[in-house]
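Asks: Read off the chains here:
2 protein chains.
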Amino acid sequence: MLENIDVILCRPKFPENIGSVARACLNMGCGQIVLVAPLNWDLDKALPLATHHAGHLLKSVRIHQTLAEALAPYSFSYGTTARTGGWRQAIQTPEEAAPRIVEQRNAGGRIAIVFGPEDKGLTNGETDLCNQLLTIPTTDNLTSLNLSQAVMVMLYECFKKSLTKPFKVAGAPKDRYINNEEREVLFNQLRETLIEIDFLNKDNPEYFMLPLKRFFNRINPRLNEYNLLMGLCRQMRRIVAVAKDRKA
Amino acid sequence: MLENIDVILCRPKFPENIGSVARACLNMGCGQIVLVAPLNWDLDKALPLATHHAGHLLKSVRIHQTLAEALAPYSFSYGTTARTGGWRQAIQTPEEAAPRIVEQRNAGGRIAIVFGPEDKGLTNGETDLCNQLLTIPTTDNLTSLNLSQAVMVMLYECFKKSLTKPFKVAGAPKDRYINNEEREVLFNQLRETLIEIDFLNKDNPEYFMLPLKRFFNRINPRLNEYNLLMGLCRQMRRIVAVAKDRKA
Chain A
0 MLENIDVILC
10 RPKFPENIGS
20 VARACLNMGC
30 GQIVLVAPLN
40 WDLDKALPLA
50 THHAGHLLKS
60 VRIHQTLAEA
70 LAPYSFSYGT
80 TARTGGWRQA
90 IQTPEEAAPR
100 IVEQRNAGGR
110 IAIVFGPEDK
120 GLTNGETDLC
130 NQLLTIPTTD
140 NLTSLNLSQA
150 VMVMLYECFK
160 KSLTKPFKVA
170 GAPKDRYINN
180 EEREVLFNQL
190 RETLIEIDFL
200 NKDNPEYFML
210 PLKRFFNRIN
220 PRLNEYNLLM
230 GLCRQMRRIV
240 AVAKDRKA
Chain B
0 MLENIDVILC
10 RPKFPENIGS
20 VARACLNMGC
30 GQIVLVAPLN
40 WDLDKALPLA
50 THHAGHLLKS
60 VRIHQTLAEA
70 LAPYSFSYGT
80 TARTGGWRQA
90 IQTPEEAAPR
100 IVEQRNAGGR
110 IAIVFGPEDK
120 GLTNGETDLC
130 NQLLTIPTTD
140 NLTSLNLSQA
150 VMVMLYECFK
160 KSLTKPFKVA
170 GAPKDRYINN
180 EEREVLFNQL
190 RETLIEIDFL
200 NKDNPEYFML
210 PLKRFFNRIN
220 PRLNEYNLLM
230 GLCRQMRRIV
240 AVAKDRKA
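So the protein sequences, as listed, match chains A and B.
Per numbering that gives the first Met the number 0, the first sequence starts with residue 0, numbered consecutively.
Per numbering that gives the first Met the number 0, the second sequence starts with residue 0, numbered consecutively.
One chain only, chain A, in its complex shape:
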């Protein structure tokens, strides 16, 4: 969770975007949303975009008239900007900055990440108030991100870095890879089965086994997959035996 990492939106134009920002803030965790001189702030237009889960973040926004005023309580502030070149300050990517942001927060700091309005970004006067500038890597085709998407990427990087344990998703535990002994058993079983169904030339089966062996080496089977393939081979050989019985 990202308590004490707040999102400051400077002169945002569309309440709907602020709603989308609130949702991103709840997805990734964020302390508070602060608005600086919002153009048409309208809670009712913002709420639907936030989903009902993140409505509380919109109802508790702090509003200031200048960025300087909004930044007063923060120990460190990061301004975001689309890459334009010619900057005098060093600029970092979110991935570079996130460990430091999280470290500053963990050391008791209160951090602000500052975003400009949708169309123009932060003014030079505003970026000068920030302690560090950040830019999100993009292609050269379009360097300017949608406001809420930019907030999402910044908080996503901070959230990943704030996890003390790697994020693990629910899922069946994975079987171990098979070992060399099992691999040999599998190859033998496959060879015998493929000979019995007349798929392999019994005069030179090893030659035709080569691409199959390469295939299995590349996919590196797990134990459950080994059991599946062994069972499949056994069943094929059983059917072949029945068929041969009938013929006889």
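Bear in mind the hints are in silico, worked out from the structure with no lab data behind them.
Glycine is no exception: its CB is placed at the ideal position from the N, C-alpha and C atoms.
Among the hints, a few may not be true.
[Said to hold, decoys possible] PhoX-like cross-link-like pairs, simulated, lysine-lysine; straight-line CA separation at most 25 Å:
1) Lys160/A / Lys160/B
2) Lys44/A / Lys119/A
3) Lys119/B / Lys44/A
[As the list claims (entries may be wrong)] Away from chain B, derived, C-beta distances all over 10 Å, residues of chain A:
4) Arg10
5) His52
6) Thr65
7) Ser74
8) Lys119
9) Leu162
10) Tyr176
11) Lys212
Since the structure of chain A is provided, determine the placement of chain B on it from the hints.
Replies: For chain B alone, kept in the frame of chain A given last:
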């Protein structure tokens, strides 16, 4: 650029979201947008959200009626899902999957990243059609992302991994850190200056220099900062000399 990594949107409800997706696709690079049974596809509603830069991605969307049909030309498909637990398939994070996605693409594969509708996500039938499931790490408070933000995070991770060189932002080249010799010169200059302006007790200046030394050790000054501080000290000593002359 992410040519041959396409975004497939299953049953999207709001054309505006598709517009936002197009903008994210142009920011991060993406081959094509594919719609599966879109609910109310309306190019005119989608275009404003894409900005005029990404309009061409909307005008060239491919539309299919089923996901199976849409997936036909792809060598590998990744389905995205909000974490819900109880999955039988192993699920990866975008960060885990991105190197493999980029590797498959670089090896000539054509990759699809599949997203469900805004409210419900992909059905089990649809996730079964995907070769791998992905989920974006979130807090437990709200695990479901806005559609275009989810697309942004996925493509952002792929874009970062696709860069052959690290993404470097424009900015003045950084000066090197000062070395120990310079550090000593700086400390001496500071000590003498602070004694001259009666800031340091001249009977025991080292004792009072300690917190200052700690401060400078922590900030690890660069050469331009060293030059700035040395110049500042020289100027202070010059002023002090003038003041003393006047007094005398």
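Asks: A separate judgement is required for each hint: does it hold in the structure or not?
Replies: Here is what the structure says about each hint:
1. Lys160/A / Lys160/B: Holds: Lys160/A and Lys160/B sit about 17 Å apart, inside 25 Å.
2. Lys44/A / Lys119/A: holds, 22 Å
3. Lys119/B / Lys44/A: holds, 23 Å
4. Arg10: With a cut-off of 10 Å, Arg10/A remains clear of chain B, as the shortest Cβ separation is near 19 Å.
5. His52: His52/A is in fact no farther than 10 Å from some Cβ atom of chain B, at 5 Å.
6. Thr65: Per Cβ check, Thr65/A is outside 10 Å of chain B; nearest 26 Å; holds.
7. Ser74: At about 15 Å from chain B, Ser74/A clears the 10 Å cut-off, so the statement holds.
8. Lys119: holds, 14 Å
9. Leu162: violated, 7 Å
10. Tyr176: holds, 14 Å
11. Lys212: With a cut-off of 10 Å, Lys212/A remains clear of chain B, as the shortest Cβ separation is near 21 Å.
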